[in-house]
Amino acid sequence: MAKSAAVQYLGGKCQRCGWEGALPAYEFHHLDPNSKDFAIGNVANRKWELIKQELDKCELLCSNCHRIEHSKHDQVLIAEAARYKGRLLRGDS
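Under my numbering, think of the first position of the sequence shown as 33, with each following residue one higher.
Just so you know, these hints were derived from the structure itself, not from any lab. Predicted model, so just to flag it, every value in this text is computed and none were measured. It is possible that some hints are incorrect.
[Claimed, not checked] With a straight-line Cα cutoff of 25 Å, these simulated PhoX-like cross-link-like pairs (lysine-lysine) come out:
no., residue 1, residue 2
1, K79, K89
2, K84, K35
3, K68, K84
Work out the full structure, taking the sequences as your base and the hints as a guide.
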């Protein structure tokens, strides 16, 4: 029930691509991770007013757009992985 209300509060569609669909595929992306007080998925026993304050720090994204957003932060790690040549196995010199 809380997730449905939260999705509607943020417009009911992905704010990046405009996708509208099944409730489980929506995710809440904090625009500034340092301002995050709690995860929206962890709102048991919280008042709606507090939930709305947290939602105001978020963007409603579909699962795909949320993955793409977080992959942007991993470009350095991806470059490191591309340079990885494997590690020596036991007995290799």
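Checklist entry - Are K84 and K35 close enough, with their CA atoms no more than 25 Å apart? => result 11 Å, holds
Next on the checklist: Given the hinted pair K79 and K89, is their Cα-Cα distance within 25 Å?
Outcome noted: Roughly 16 Å between the alpha carbons, so the hint for K79 and K89 holds.
Checklist entry - For the pair supplied as a hint, K68 and K84, is the alpha-carbon distance within the 25 Å limit? => result Given pair K68, K84 holds - Cα atoms ~13 Å apart, limit 25 Å.
Going down the numbered hints, you'll see the structure goes against none, and every one checks out.
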